[in-house]
Amino acid sequence: MKAIWNNQVIAESNDTIVVENNHYFPKESVKAEYLKPSDVHTTCPWKGLASYYSLEVDGKENQDAAWFYPEPKDAAKNITNYVAFWKGVKITE
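When you line the sequence shown up against the working numbering, it's residues 1 to 93, in that order.
No lab work stands behind these hints: they were computed from the structure. Computed from a prediction, not measured in an experiment: that's the story for all the values here. A few of these clues could be false.
[To be verified] Computed list of lysine-lysine pairs in BS3-like fashion (alpha-carbon distance at most 27 Å, straight line):
(1) LYS36 - LYS47
(2) LYS47 - LYS87
(3) LYS2 - LYS60
(4) LYS36 - LYS87
(5) LYS27 - LYS90
(6) LYS60 - LYS87
(7) LYS31 - LYS87
(8) LYS31 - LYS90
(9) LYS27 - LYS73
(10) LYS31 - LYS73
(11) LYS87 - LYS73
(12) LYS2 - LYS27
(13) LYS27 - LYS87
(14) LYS47 - LYS90
(15) LYS27 - LYS77
(16) LYS77 - LYS90
(17) LYS77 - LYS31
(18) LYS60 - LYS31
(19) LYS2 - LYS47
(20) LYS2 - LYS90
(21) LYS90 - LYS36
(22) LYS47 - LYS73
Modelling step: build the complete structure from the supplied sequences, incorporating the hints.
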């Protein structure tokens, strides 16, 4: 699977985990040079506290377009160190 935004591959992996129709990519498969830490957090009742990254590619920014669970609840332990995308990031095979 690939995560693509602004004509760049942001992440690529054969080992994504699908949760609620979102592909979670192993953190090591995400190109760190495109990630910018964000101060945004949201809470999922069963996954826990999510943290966000903004994407910066070729001078363009996609605010809070990636999220992850640094310390997910027990029901979501399998996505520890995995990153998911939204806000126009295309997920393809």
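Structure-based check of each hint:
1. LYS36 - LYS47: 22 Å, holds
2. LYS47 - LYS87: Holds, at roughly 20 Å.
3. LYS2 - LYS60: 19 Å, holds
4. LYS36 - LYS87: 15 Å, holds
5. LYS27 - LYS90: OK: LYS27 and LYS90 at ~17 Å, within 27 Å.
6. LYS60 - LYS87: Between LYS60 and LYS87 the Cα gap is close to 13 Å, so the pair holds against 27 Å.
7. LYS31 - LYS87: 18 Å, holds
8. LYS31 - LYS90: With Cα atoms ~15 Å apart, LYS31 and LYS90 stay inside 27 Å; holds.
9. LYS27 - LYS73: Holds: LYS27 and LYS73 sit about 18 Å apart, inside 27 Å.
10. LYS31 - LYS73: 26 Å, holds
11. LYS87 - LYS73: Between LYS87 and LYS73 the Cα gap is close to 25 Å, so the pair holds against 27 Å.
12. LYS2 - LYS27: 13 Å, holds
13. LYS27 - LYS87: Judged against 27 Å, a Cα distance of about 19 Å means the pair holds.
14. LYS47 - LYS90: 23 Å, holds
15. LYS27 - LYS77: 14 Å, holds
16. LYS77 - LYS90: Status holds; Cα separation ~25 Å.
17. LYS77 - LYS31: 23 Å, holds
18. LYS60 - LYS31: 16 Å, holds
19. LYS2 - LYS47: With Cα atoms ~23 Å apart, LYS2 and LYS47 stay inside 27 Å; holds.
20. LYS2 - LYS90: Holds: LYS2 and LYS90 sit about 8 Å apart, inside 27 Å.
21. LYS90 - LYS36: Given that 27 Å is the threshold and the Cα spacing comes to 19 Å, the pair holds.
22. LYS47 - LYS73: The given pair, whose Cα atoms are some 5 Å apart, holds under the 27 Å limit.
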